[in-house]
Amino acid sequence: SQQGEEDPQALSIQEGENATMNCSYKTSINNLQWYRQNSGRGLVHLILIRSNEREKHSGRLRVTLDTSKKSSSLLITASRAADTASYFCAPGSTGANSKLTFGKGITLSVRP
Amino acid sequence: DTGVSQDPRHKITKRGQNVTFRCDPISEHNRLYWYRQTLGQGPEFLTYFQNEAQLEKSRLLSDRFSAERPKGSFSTLEIQRTEQGDSAMYLCASSATGINSPLHFGNGTRLTVT
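Read top to bottom, the protein sequences are chains H and B.
Mapped onto our numbering, the consecutive letters of the first sequence carry residue numbers 1 to 112.
Mapped onto our numbering, the consecutive letters of the second sequence carry residue numbers 1 to 114.
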């Protein structure tokens, strides 16, 4: 398994603006997942993009994957104060028994 | 789907004491994971089960840590002779079998060792 490296470490934006978060990884993946964590809570799965997909949407979320650059981005459009949280990417390596590992994440603050 | 539940939510213990945490996964999920998270860090993998079999244990996990999943249902994580460095949030997650199935996390047990 491998962990993703998220960038930036922290991001502060105004409500209504878009937030873009990036993730890089090192070796081939089966898929890549994004999770959100509100303070004091467990992680919540947001979206999974498979290695043969380039873009995926879910509500205000848009995820892209560039396997040639080994990178992914998560875009949150029209951000809300409730989007304030930590965000983690988790590259899913090939192998039936591989597990997800997490980096330090991105702390997103959305100012009302 | 009642989600993953963890008990207790908070535990304060004195150094040297043993503690045990419980995790009840989503009932149809075969896989169960334990992670540990300290402030400002991402979750760190500890161990995982497929049904009742413990398939992997982190090398970072000392012999003071043990996990069980009898009958492939709930799981317990025990820490013996706790140390102050064990203070952290302990997260449990479950998933269906399948390559990198999404994890469903509980809200964790926050351990404070004084």
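The set of hints was computed from the structure by calculation and includes no laboratory data.
This structure is a prediction, so every number in the text was calculated from the model and none was measured.
Take the hints with a grain of salt, since some may be wrong.
Claimed, not checked - Within a straight-line C-alpha distance of at most 25 Å, the following computed PhoX-like cross-link-like pairs (lysine-lysine) qualify:
id, chain 1, residue 1, chain 2, residue 2
1, H, K104, H, K26
2, H, K70, H, K104
3, H, K26, H, K69
4, H, K70, H, K26
5, H, K26, B, K57
6, B, K57, H, K104
The hints, checked one at a time:
1. H:K104 to H:K26: Holds, at roughly 16 Å.
2. H:K70 to H:K104: 18 Å, holds
3. H:K26 to H:K69: Status holds; Cα separation ~9 Å.
4. H:K70 to H:K26: OK: K70 (chain H) and K26 (chain H) at ~7 Å, within 25 Å.
5. H:K26 to B:K57: 23 Å, holds
6. B:K57 to H:K104: 21 Å, holds
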